[in-house]
Amino acid sequence: MPVVITAKNISFAYVRMPVLENISFTVEAGDYIGLIGPNGGGKTTLLKVLLGLEKGRGEIQLFGTALEKFTDWNKIGYLAQKSPVAQSRFPIAAEEVVLMGLPGRGARVGRNELKEVYAAMRQTRTRQYAGRIFNDLSIGQQQRVLLARALVSKPELLILDEPSTALDVESREMFFDLLAQLNTKYHTTILLITHDTGEVGKHISKFMYVDKKLVFFGTREEFCHSPAVAKQLGPFAQHTIDHLHNQHGHCPLGASCKECHHG
Amino acid sequence: MVEFLSYGFVQRGLLAGSLVAAACALLGVFLVLKRLSLIGDGMSHVCLTGVAVALLTSTSPVYMSIPVVAVASLGIMKLAKKFKIYGDAAIGIISAAGLSVGLLLTALAGGFNTDLLGYLFGSILTVTRGETILCALLLLIVAGGIFLFYRLLVATCFDESFACTRGVPVRIVDTGLVLVTSVAVVLSFKVVGIFLISALIIIPPVTALLISRTFKQVLWLAAGFGVLSVWIGIYISFIFNIPSGAAIILINLFFLFAGYLLSKGVPRG
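Protein chains in written order, with the numbering used here: chain B, 1 to 263; chain W, 1001 to 1269.
Worth double-checking, as some hints may not be accurate.
Claimed, not checked - Which chain W residues face chain B? A few, computed with CB under 8 Å, are given here:
(1) PHE1149
(2) LEU1152
(3) PHE1158
(4) PHE1162
(5) CYS1164
(6) THR1165
(7) VAL1170
(8) ILE1172
(9) ARG1213
It is worth saying that the hints were derived from the structure and are not from the lab. Even glycine gets a Cβ: it sits at the ideal position worked out from N, Cα and C.
Assemble the whole structure, with the sequences as input and the hints as a guide.
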């Protein structure tokens, strides 16, 4: 499998307070990775360092190119944890927000660009909000518009920071189904910070557990079925594993779980 | 009215004032949304240094102030980045430095005189032909820049982090915006005076933001309010023999109040 992200010895500190220490990993094309860990464990910072939004130490390659030289940003879709802190009087329509995901620079908007914008908005069921002012939408609706912005360039890698926190149950289901579809149908690589392991766990192929250091990185089977791993990872990981098992001992991975299937 | 417009210096004042007011308002839209609107205030204080240097060396205050203010604006950005402080603190530091150096040089130049007072409170009717051409060039650069880089500018105002992940050179965009603003600030001090420049950058965009439904509408309305305030302000100052700078800003404040009342009835979305 082609490598999408290579991270070697990534470290980052806020004014001498270490947030990430010597993290190394490789993400392959088609991976659907759940990035988990306790609050303040450095998950969001890790994503920001990977995208060059924070300057850390170490080596990062995106699609085989060093981050400093990487220019092919259309290959990456990013959805941040929080909606942009735009002023409430920022009069920008939802469709213009989605348009930001396309590479154009000038004031003129092409017909094909609009087509792409509306297609992405249909994917996230936000087409009906296209003409509405972004800040007048609910937080959940805004989050779906921002997902459309992340998807509009048809990225090969999606980086999402706790995208489902503001969504209602129906929107969350739609959201995770869409991610699963992108991953299976279009082979989109997904790196997702989530605490919602119960619902999304069935789609995730690998777990990455970060608590300042990379404590665990492996397949979901390894993560779910290794008591040793749970013991090593501490209470948060144990809680996550319990959540994955619905606290009844039933493996939520179902028939797709190789270990349960063979067991 | 016809008599008022028949004077050459009035025509030049109106033209230069309109050009610079439109440029300031257009730049102001982005500065207000980026929460950098006070940068105009900081730069205007630095103008005093440029004017004082010009009076000391008997050179043109406008041409002398442009490099001084441009360097100061870069200083504001560097200071904020280097010491990891908020932009308003960096603006405050550079503004105080500019004002104190300006006052010191003014004292060395023999204290306040009529020339300096003209720059402090505006003297739109003394705008030269060369300065008017410079104002036209400024508006051309501002309007052309917005047309060519519209989406980049809007994206950096709306969501800087996302813009970075699209490969938008946010630092270069910000530096360009601040440098052009420094030229606009210098060209504005004859229109409204050093003390009131920031109002020309802040009030028309805020008024436009109150009543607009699209971003493009904000740009058009902000420029429109800026230009209209110059025309009405100069006319009133001519009729009642009052300072033109103050009249222009008071008209802008009237527009702001009217915009606020109108915003109550404007449907959004």
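Here is how each hint holds up against the structure:
Given the 8 Å rule on beta carbons, the hint for W/PHE1149 holds: about 6 Å separates it from the nearest Cβ of chain B. Checking W/LEU1152 against chain B: minimum C-beta separation of about 5 Å stays under 8 Å; hint holds. Contact between W/PHE1158 and chain B, as hinted, is supported at the beta carbon level, the nearest pair being about 5 Å apart and thus within 8 Å. Among the interface hints, the one on W/PHE1162 holds; its C-beta lies about 6 Å from the nearest C-beta in chain B, closer than the 8 Å criterion.
For W/CYS1164, the shortest C-beta to C-beta distance to chain B is roughly 6 Å, which falls under 8 Å, so the interface hint holds. At its closest, the beta carbon of W/THR1165 sits 4 Å from a beta carbon of chain B; the interface hint therefore holds under the 8 Å criterion. At a threshold of 8 Å, the smallest CB-CB gap from W/VAL1170 to chain B is about 10 Å, leaving the interface hint violated. With 8 Å as the threshold, the beta carbon of W/ILE1172 stays out of range of chain B, its nearest partner Cβ sitting at about 13 Å, so the hint is violated.
Because the smallest distance between the Cβ of W/ARG1213 and any Cβ of chain B comes to about 6 Å, under 8 Å, the interface hint for this residue holds.
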